[in-house]
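Given the sequences, and given the hints that come with them, work out the whole structure.
There are 4 protein chains.
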Amino acid sequence: MEPPGVAHASDPHFADRVRESFDRQNAMHLIQATLPLVEHGRTEIHLPHWHGVEQQHGFVHGGVVGMIADSAAGYAAMTMVPPSASVLTVEYKMNLMAPADGEKLIARGEVVRSGRTLIVTRAEVFAVKDGKESLCALMQQTIMVMHGRTEK
Amino acid sequence: MEPPGVAHASDPHFADRVRESFDRQNAMHLIQATLPLVEHGRTEIHLPHWHGVEQQHGFVHGGVVGMIADSAAGYAAMTMVPPSASVLTVEYKMNLMAPADGEKLIARGEVVRSGRTLIVTRAEVFAVKDGKESLCALMQQTIMVMHGRTEK
Amino acid sequence: MEPPGVAHASDPHFADRVRESFDRQNAMHLIQATLPLVEHGRTEIHLPHWHGVEQQHGFVHGGVVGMIADSAAGYAAMTMVPPSASVLTVEYKMNLMAPADGEKLIARGEVVRSGRTLIVTRAEVFAVKDGKESLCALMQQTIMVMHGRTEK
Amino acid sequence: MEPPGVAHASDPHFADRVRESFDRQNAMHLIQATLPLVEHGRTEIHLPHWHGVEQQHGFVHGGVVGMIADSAAGYAAMTMVPPSASVLTVEYKMNLMAPADGEKLIARGEVVRSGRTLIVTRAEVFAVKDGKESLCALMQQTIMVMHGRTEK
Numbered sequence: 001m002e003p004p005g006v007a008h009a010s011d012p013h014f015a016d017r018v019r020e021s022f023d024r025q026n027a028m029h030l031i032q033a034t035l036p037l038v039e040h041g042r043t044e045i046h047l048p049h050w051h052g053v054e055q056q057h058g059f060v061h062g063g064v065v066g067m068i069a070d071s072a073a074g075y076a077a078m079t080m081v082p083p084s085a086s087v088l089t090v091e092y093k094m095n096l097m098a099p100a101d102g103e104k105l106i107a108r109g110e111v112v113r114s115g116r117t118l119i120v121t122r123a124e125v126f127a128v129k130d131g132k133e134s135l136c137a138l139m140q141q142t143i144m145v146m147h148g149r150t151e152k
Numbered sequence: 001m002e003p004p005g006v007a008h009a010s011d012p013h014f015a016d017r018v019r020e021s022f023d024r025q026n027a028m029h030l031i032q033a034t035l036p037l038v039e040h041g042r043t044e045i046h047l048p049h050w051h052g053v054e055q056q057h058g059f060v061h062g063g064v065v066g067m068i069a070d071s072a073a074g075y076a077a078m079t080m081v082p083p084s085a086s087v088l089t090v091e092y093k094m095n096l097m098a099p100a101d102g103e104k105l106i107a108r109g110e111v112v113r114s115g116r117t118l119i120v121t122r123a124e125v126f127a128v129k130d131g132k133e134s135l136c137a138l139m140q141q142t143i144m145v146m147h148g149r150t151e152k
Numbered sequence: 001m002e003p004p005g006v007a008h009a010s011d012p013h014f015a016d017r018v019r020e021s022f023d024r025q026n027a028m029h030l031i032q033a034t035l036p037l038v039e040h041g042r043t044e045i046h047l048p049h050w051h052g053v054e055q056q057h058g059f060v061h062g063g064v065v066g067m068i069a070d071s072a073a074g075y076a077a078m079t080m081v082p083p084s085a086s087v088l089t090v091e092y093k094m095n096l097m098a099p100a101d102g103e104k105l106i107a108r109g110e111v112v113r114s115g116r117t118l119i120v121t122r123a124e125v126f127a128v129k130d131g132k133e134s135l136c137a138l139m140q141q142t143i144m145v146m147h148g149r150t151e152k
Numbered sequence: 001m002e003p004p005g006v007a008h009a010s011d012p013h014f015a016d017r018v019r020e021s022f023d024r025q026n027a028m029h030l031i032q033a034t035l036p037l038v039e040h041g042r043t044e045i046h047l048p049h050w051h052g053v054e055q056q057h058g059f060v061h062g063g064v065v066g067m068i069a070d071s072a073a074g075y076a077a078m079t080m081v082p083p084s085a086s087v088l089t090v091e092y093k094m095n096l097m098a099p100a101d102g103e104k105l106i107a108r109g110e111v112v113r114s115g116r117t118l119i120v121t122r123a124e125v126f127a128v129k130d131g132k133e134s135l136c137a138l139m140q141q142t143i144m145v146m147h148g149r150t151e152k
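Residue numbers (the working numbering), protein chains in the order written: chain S, 1 to 152; chain W, 1 to 152; chain R, 1 to 152; chain F, 1 to 152.
Be a bit skeptical, because a hint or two may be false.
[As the list claims (entries may be wrong)] Which residues of chain R face chain F? A partial, calculated answer using Cβ under 8 Å:
1) E39
2) V53
3) G63
4) M94
5) L96
If you're looking for bench data, these hints aren't it; they were derived computationally from the structure.
Even for Gly, the Cβ is constructed at its ideal location relative to N, Cα and C.
See the structure below:
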């Protein structure tokens with residue numbers, strides 16, 4: 001547990017920084033993930049269901065579900081830090097609650113508590129089938145703020 | 001916590017079942033992972049470092065590290081169950097302890113406790129750089145055994 | 001991940017069962033915890049701040065925070081199962097986000113997804129200081145349903 | 001994930017500091033836990049099975065198992081930091097794998113990776129019954145080092 005958080009200076013360009021970082025992640029391109037929503041303290045990553053991300057039953061692979069949950073929550077944290085800082089995932093825990101069965105997935109990440117050094121986040125992943133969302137995964141995550149280290 | 005485990009009948013063909021399942025996972029092919037070791041209660045997944053699995057700093061993406069850790073430990077669990085059963089990841093927790101920096105990664109999964117319905121596993125992921133291994137991630141996982149449901 | 005859940009038969013006496021189980025837990029009495037709220041899918045456990053539950057800085061011990069979070073969420077799960085079943089904690093993950101500083105703590109547990117065999121829950125723990133609540137811990141948990149095994 | 005760790009200066013009196021901190025924890029006294037082993041990077045906490053720490057089935061309460069696992073691993077981390085620093089639990093994840101059934105419990109904590117700001121640890125809890133140990137819980141934990149803040 002960390003001592004009471006020091007508010008981070010607000011950065012009007014946080015969404016640009018987050019989108020540029022996302023664009024530099026080859027692994028997000030590899031799985032065809034996109035980042036359609038970046039707000040202060042929360043983001044959404046979308047993933048189409050295509051053959052390359054499937055496991056042996058034809059659902060989206062649990063590891064891929066983890067990738068988008070981890071990234072959505074990590075980028076939610078990044079919206080809270082000053083431009084002179086970057087963020088790193090310390091750890092996360094994820095429950096896979098139902099098969100990721102649908103035409104696309106939506107991972108919604110949000111900040112729960114923002115401290116100076118550590119940010120706690122969570123993410124929910126929904127499978128969208130015939131336009132209807134169902135919750136398939138739940139994640140809780142710890143992010144570290146690296147002050148004075150931009151992503152460049 | 002589960003009541004004392006009932007030993008699973010030993011299956012002489014467990015390695016074949018595990019390899020066949022791995023081969024059906026498109027997502028493992030997508031990231032170019034391989035499964036060179038399958039023993040009773042443990043497996044290894046290897047991943048070459050190539051551009052498609054990188055994050056923004058040129059290291060292997062933490063989500064990809066999670067994918068191979070999850071799979072290595074899940075397949076370690078699968079070696080313990082009878083041919084008439086399959087396994088599902090209930091949840092996992094992973095610490096990313098150092099950048100996944102090297103020419104390849106090795107995820108080593110092993111079973112800690114095998115019960116009739118639940119199997120607890122752990123995995124360590126090592127980055128291999130100039131032939132030297134360093135531990136970069138640690139995972140603890142819960143697997144559910146689905147009796148009477150083969151992967152087909 | 002578990003296959004789609006089968007709805008549990010509703011039990012009109014769930015709150016009585018939960019309260020009776022809580023009363024049989026010596027460890028809850030030892031720390032002076034109480035269970036003032038039991039609803040379908042959620043509960044609250046309260047803990048006064050007294051010297052016996054303190055750590056070295058005079059805040060409530062993180063392990064005690066974990067005890068009430070684990071129990072609040074586990075009992076939220078128990079409200080969902082039939083009288084012929086009992087529940088067990090498979091695992092939980094908890095972030096301690098701020099010192100548990102106040103005159104009492106409130107742990108709020110709730111069910112996120114209820115399957116036939118596994119129930120996923122979460123809990124938040126608040127410190128109440130001068131009547132004002134602040135979030136100090138966040139937990140995510142997996143519960144197993146033991147069908148045909150009452151607590152007696 | 002944190003950048004490569006900076007080795008902490010070795011403190012010849014680490015065991016004294018750890019024992020003094022343990023002695024200041026009322027909650028450890030409340031449950032009758034003791035700290036018979038403190039080595040560099042690992043500790044052991046012992047807990048007698050007595051009525052006050054039981055759950056409804058007469059086993060040791062899972063929350064109490066969590067308390068000793070959390071503390072054993074946290075104190076293992078504390079052995080690695082300089083006298084001018086203190087440690088805080090950021091988060092932990094614990095699997096309860098078997099009933100804590102026996103005349104006493106032993107929690108063994110150890111450091112997996114020690115960085116400048118974060119230390120990753122794990123703990124195993126064994127139930128000792130008729131002199132025979134069996135593994136009943138497994139924990140993975142993240143500890144934060146507070147430089148320049150002694151426990152006083």
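Quiz item: Should the interface hint for L96(R) be scored as holding, given a Cβ-Cβ cut-off of 8 Å against chain F?
Solution: Holds, about 5 Å.
Quiz item: Measuring from the C-beta of E39(R) to each C-beta in chain F, is the shortest one below 8 Å?
Solution: violated (21 Å)
Quiz prompt | Evaluation of the interface hint that places M94(R) against chain F, nearest CB under 8 Å | solution = holds (6 Å)
Quiz item: Given V53(R) was flagged as interface, is its beta-carbon under 8 Å from a beta-carbon of chain F?
Solution: Holds, because the Cβ-Cβ distance from V53(R) to chain F comes to roughly 5 Å (cut-off 8 Å).
Quiz prompt | Supplied contact hint for G63(R), tested at 8 Å Cβ to chain F | solution = Hint on G63(R): holds, closest Cβ of chain F at ~3 Å, below 8 Å.
Comparing the model with each numbered hint stated earlier shows that hint 1 is the single one that does not hold.
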